[in-house]
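Peer 1: These protein sequence lines are chains A and B, in that order.
Mapping of the first sequence onto the numbering used here: position 126 corresponds to residue 126, and the numbering continues sequentially without gaps.
Count along the second sequence starting at 1, add 1000, and that's the number in the numbering used here.
Bear in mind the hints are in silico, worked out from the structure with no lab data behind them.
Careful: at least some of the hints might be erroneous.
To be verified - Here are the simulated DSS-like pairs of lysine-lysine, each with C-alpha atoms no more than 30 Å apart in a straight line:
#1 K58(A) <-> K1834(B)
#2 K68(A) <-> K1363(B)
#3 K1435(B) <-> K1082(B)
Claimed, not checked - If you only want the chain B side, here are some residues facing chain A, beta carbon under 8 Å, derived:
#4 E1400
#5 Q1558
#6 N1562
No residue lacks a Cβ here, since even glycine has one placed at the ideal position from N, Cα and C.
So the chains spell out like this:
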Amino acid sequence: MKPKLILGIIAIVGFTSLLMYNFGESISTYTTFDVAAEHGSAHVPGTWDNTKEYGFSKESRQFTFYMKDEAGNSRKVVYPKAKPNNFEQADRLVVIGEMKGNIFYADEMLMKCPSKYNDANPGEFTKASES
Amino acid sequence: MLGTLGKILISASFLAALLSSLLFFFAAYRDDSTYLKAGNWLFGLKASLLIIASGILVFLIFEHQFQYYYVFNYTSMDLDPKYLWSAFYGGQEGSFMLWIIFSSFFGFGLMKWTRNPYKGPVLFFLALTQVFLLSMVLGWDVGLFKLGASPFRTLAEAMPNAPILQSNPDFIPQDGQGLNDLLKSPWMMIHPPILFVGFSMMTIPFCFAMAALWKQKYNEWVGPALPWTLGANVAMLTAIFLGGYWAYVTLSFGGFWAWDPVENASLVPWLFGTAGIHTMIIQRKSSIAQKSSILFAILAYMAVVYETFLTRSGVLSDSSVHSFVDLGLYNQLLAFMLVISGVGLGMFFWRYKELPSPKKESKILSREFMTFAGAIFLLLLGLVIILGTSSPIIGTLFAERPTPPEISFYNDWSMPIVMIMALLTVIGQFLFWKKHDAESLASALINPLLVTSVLTITSVIFGDVRNLYYMVYLFTGFFAVVGNGWIVIRLAKQKPMLIGGALTHVGFGVLLIGILASSAYNSPLLDAETKNFNAAVERGEVKDEQGFTVSQKVNILQFNLNEPLILNDEYVVTYVGYSLEDQNRPGQQTYKLKFEPLDGGAPFYLNPEVYPMLSSSTADNIQWAVDPDVKTGWLSDIYLYVSGSSYVDQRNKQIERRKKQEMQNVAAPDTAASEEEDNIPEQQTIEFGIGQTVEVGGFKIRFVNYTQADSLSLPSNTTIGVRAEVELMHPASGQIHTLEPLFAVYTDEGKSYIYSPPVSIPKYGLSFQFTKINPQENNIELTILGLQEEYEEEWIVVTAEKKPFISVVWAGTFLLMIGFSVSIFRHWGRERKKNA
């Protein structure tokens, strides 16, 4: 084999493996609060726990609420932005951030809002900051 | 009736496309021009039938025929006529039709201009794509599965399970759901057509490449394919730009690019097409790189189809902010993608052995090598983006339920790639126009390098750049601008028609600088207090109630009405109120923020909006959308949106209260009556005399005077009948409403009754009753229903950002467009001469 070809193959293999490694690292999995507590950044899907208090604090400029994850555990979530306008209507939430103690600090939040006609459109996720 | 006709027309169009592709196949196979002629006619018939069908759809939309699902789902009575047009391609089905129509027009062009032996096979492959696209809008029920989704479906066909349609199959709604409010933008009107022009044009190099493989003529095809590829490129770039600009001014993610799958999917075909342009240019010049030109032409179209699959099959619905809903086309789209990839790559590898290989390898310092390297890096960038975008599929290798990759994945990989590309553009352009060895190249580049260094150092100093990586990046960007600018100036003096390529590369450099400057130096506008707080967070000094260290900075501001804040020591900003819209979008609030520059510049206003999404809101479920406002400047933009307000807060609370009440009433209908008293909305009475003003619940109410009551409005046997002229002022919006509630006393069978009908103002949810006159105190009593018990001050929460050099991003994009367009003229002009 020609040395150039070998060099080329090494370059391709090197590039691909580095790319795939990095890709794998930058992907996380949708998980629960309990699992998130053991990791750094996590995506936790769930629903708003409307039995507990929630609201935007004008003093700390944070929005706090309780969310029930898919395992059914309810945890306090702190979101450092205004309460999304459609928060009450969202039927699914995904909070992205990290767990500290018993509180989840979300940097980003996605919301899935139901549409007017359930038959027509299953609804889609929007970034909480976009609504 | 018309719907059935439409379905028949589409079916006939599909059959015509199928037949024409067969005829083109035989024309290509047997080199027979009679087949070709018949194929042309059928292709024309296909186009005409589909255009008539589209005309019917447009007619149904304009006639508001809501029994058709498409019309119902994307339009409404109150929709502006210009958006009725865009509703035609607002849904999947219509957008497929638009795509086919554009492809048909380009097909006519190909019939006229394509030379043999490519003509037959080119038209065959084009017709084949038409067959696939038309199958998406067929709506045939083929026993086991449905073939396509017809735009002429009736409601009953589209939603067989809807209760109202089960009880009454002939139900026709009074009004449609309306176009998504976010799409009601002039930018979104022209974005899809331009994108589909791009998609249609990108089909053509694919057809030529396949024709070349079929006819084993590997060189001549690039001549005619190149202008089409360039055209596709300009169209797609324009569409991407429009999409980015729309996202910037209507969505609130605060930028022109968010690495959203839909955005990525539009970028990849463009990158592959651009790679193809590079190899086609060296193939034309030096008769090498036949393999890669063919491969890129195939890949670019594959990427178009892959994008179509990703955005329309519903696989991205969890990860993308804006993708289409699955119409049940998943399998068909998958088949389309597999056939295009299979046929494309299959033909390529089948002919691979006999594809010409370069006799000798190119030197590294040659225009061939450099241009080729540019194409390879474009390919790499495209592959990285495809990988990231395909996370719902490929990500399953790494995680059970994969999330999209972090944004940093895209940034970390694309930055070094574009930096290398920036360097290559200059070296490539210098070598393109003159042969150089290492030494002569170095000496030719000394002056551009000097200028680049001066520019980089200047901007590092003035821009306070501390990050070494950014410095290198800036250097490469400036190098691309200066080096290619050098070539542009030199060429413009001699052969101005040839500047296209170099100008494009200048645009690329400008774009790189703009991207860095606008994103890395994007900063929130904050007041001193918030800044101090953030500084304390950075030092780790802030603890929350639980005793944890707060790590999240605050980037939002709260304004109370008429309480100015000083932002960034640059502006005094005051929230001066808002106005409510009753007409076009009832419930829309337009906020007014006054910016007074501290350096004495002229004050200006920003008017962000918050509105209920009409297409997806009901009385019990208002979905609010924000519309930012952008103050555009040469050096920096101010970007601002209202993310929360007392108005929206109260409206939501009202809805929650009403829902709770309804729930209680439903849950316990017997007790509902007894509880009703508790549930009576807050009632307040005020007493005031003529000329007096009372402040209550955030409103100012003034009793102006008594006015005469018209006898027609009074009951019979009235003894007293008088109206009170009352002014209701809403301080935040400055709006004044004049009301004239009636107070009357009438007798019936010897007894006196009071008649005081309520006057309601739905906008504020208030109603007024003139309930008493107190002659002794010389005042009157008003009873007001619906006032907030706990009245809050008017406040808004605002996200404001300063975005420097966004204009540079746009400038870079425009230069790219201009450069590509110049190249189209040059290459098209040459092809025309050949045809003549």
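Peer 1: Run every hint past the structure and note whether it holds.
Peer 2: Comparing the hints with the structure gives:
no.	hint	in the structure
1	K58(A) <-> K1834(B)	violated (72 Å)
2	K68(A) <-> K1363(B)	violated (63 Å)
3	K1435(B) <-> K1082(B)	violated (55 Å)
4	E1400	holds (6 Å)
5	Q1558	holds (6 Å)
6	N1562	violated (17 Å)
Hints 1, 2, 3, 6 from the earlier list are contradicted by this structure; the remaining hints agree with it.
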